[in-house]
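J.: Top line first, the protein sequences correspond to chains L and C. Position 187 of the first sequence, counted from 1, bears residue number 192 in this note's numbering, the numbering being contiguous throughout. Position 122 of the second sequence, counted from 1, bears residue number 123 in this note's numbering, the numbering being contiguous throughout.
Source of the hints: derived by calculation from the structure; they are not laboratory data. Since the structure is predicted, the reported quantities are computational estimates derived from the model, not experimental observations. Heads up, the beta-carbon is just placed ideally off N, CA and C, and yes, glycines get one too.
Some chain C residues near chain L, calculated using beta-carbon distances under 8 Å:
1) Leu59
2) Leu61
3) Asp85
4) Arg88
5) Ser89
6) Ile91
7) Met93
8) Phe95
9) Asn97
10) Ala99
11) Phe101
12) Phe112
13) Gly113
14) Ala116
15) Leu117
Pair by pair, the computed Cβ-Cβ distance ranges are:
16) C:Met238 to L:Ala29: 45 to 53 Å
17) C:Ser68 to L:Lys231: 26 to 34 Å
18) L:Ser22 to C:Lys227: 30 to 38 Å
19) L:Pro44 to C:Arg252: 54 to 62 Å
20) L:Ala36 to C:Ser66: 19 to 27 Å
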Amino acid sequence: MDMVLDLVARTGRATLSLIRSAGALALFALAGLSHILRPPFYGRVFVRTFLETGFFSLPVVALTALFSGGVIALQSYTGFAQYHAQSAIAGIVVLAVTRELGPVLAGLMVAGRVGAAMAAQIGTMRVTDQIDALSTLSTNPMKYLVAPRLLAGMIALPLLVLVADVLGVAGGFTVAVVKLGFSPTAYITATLNSVKAMDVTVGLVKATLFGFLITLMGCYYGYNSKGGAEGVGSATTSAVVVASILLLAFDYLITDLFFSQ
Amino acid sequence: MDQSMTSAPPKIRIRDLHKSFGDKKVLDGISLDVPPGTSFVIIGGSGSGKSVLLRCILGLMTPDSGSIEIDGEDVLAAPAKRRDQLRSEIGMLFQNGALFDSLPVWENVTFGLLALNKLARTDARDKAGAILEQVGLAPSVGDLFPSELSGGMQKRVGLARAIAAQPDILFFDEPTTGLDPIMGAVIDGLIVDCVKKLGSTAIAITHDMASAQRIGDEAAMLYRGKLVWQGAAASLMQSGNDYVDQFTHGRRQGPITMELRR
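Pulled out of the complex, with its shape left as it was, chain L reads as follows (with noise of 0.2 Å):
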């Protein structure tokens, strides 16, 4: 009986505290976003974010869209083969990436670099009471270092995509034109064919929405971090995991809403 009842207080402290924490994360999403809109604004922050998000991720897009545009090339070769249809390879390409590998890929890497050094840096700055400070020197912290962030994720990932979207592509060309055989201009003229205005959207909506993740994760965990270098080192560790599984889940869930006719 005491089992039973420990196990439902259990779930209970545990569903409780769940409930607690995406509260938690809702209304600092929410004062996060109010922030973007009000005055004073720090555009130099804003730029230095930016860069580091985008400018500074594009080697790691630009490589991880290239060689997954020429692994699809490949991979559905050897499927399509078998039934005479080589000369799908171009529209599947074409769809996959900028459907899901750009978005996906883009933001699982951004996650990665950007999200956990947000974390990192807004956690150290939590631990270090330099938080603290800029709140005793007129400056709302949230303003400071959350709203420029979440801007900058939100603008630098569909830029991000654009150009992992071209370069998938060009992989999947490369690909097919050296490896596979086919001739360069029936691949373009087949690749312009299937590109279609409606995924490349959908794919830059799903970044705008994943660039939003990736930075609210970073800010929000590093700014609750607490306890020292163990502290920063976890939240570095959640912001990262708990992005990349939003991410997907908000992947699936977009991809079910746009294209599951």
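Given the coordinates of chain L, work out where chain C should sit on it, guided by the hints.
T.: Just chain C, lined up with the frame of chain L:
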């Protein structure tokens, strides 16, 4: 309420302040008057509630009950905007400096002035040099980053940042912790100079007795969230109070018991 109030209204007036974390009472009914222009030192062991008291006055924490008045204005009842305004009149030197490590020293020093738009960005570098000189640093230090500074220099930069906006009230959180005794004395000297020059009211929390006597005009001792003694800082070493005596002389026996596990 009490007679001392009739002379000059206190700069900071605290009444019956309570704050708990879970079932641990950190502040247990603190009442305190700090007259204008006084340097007030609060001593007490680790975990006695000193930092929490400062954080409550600064607005970084909200007390559970009680009132905090600055110049007769109830800070806790004031609307958010006014509270921010009151807060901007307090300069704070954090225990470990809390300098922004992503910004150069000059930007750290002028951060508050820039945030309040009291200074144009183009003039900030020169202004920072002038403030740095007040705390005994060369203006060229402004181009360094906090990580390139020694502990004593970080404290000086922290002090420069705290006094930059010429605040009415200055808080010092363990200003000498982590410094050697000579550097501690130097920082104390700077603090006394700055407070005098600005005519500010100061509250310092410390467990360094030498520092407490150098900085303070008045002193009080916190123990388990309560004020157990208040008097002139000069009388700290011969207060006749059991708590203060045990603390100032570092005795193991006495009314203060160490809680190693809480």
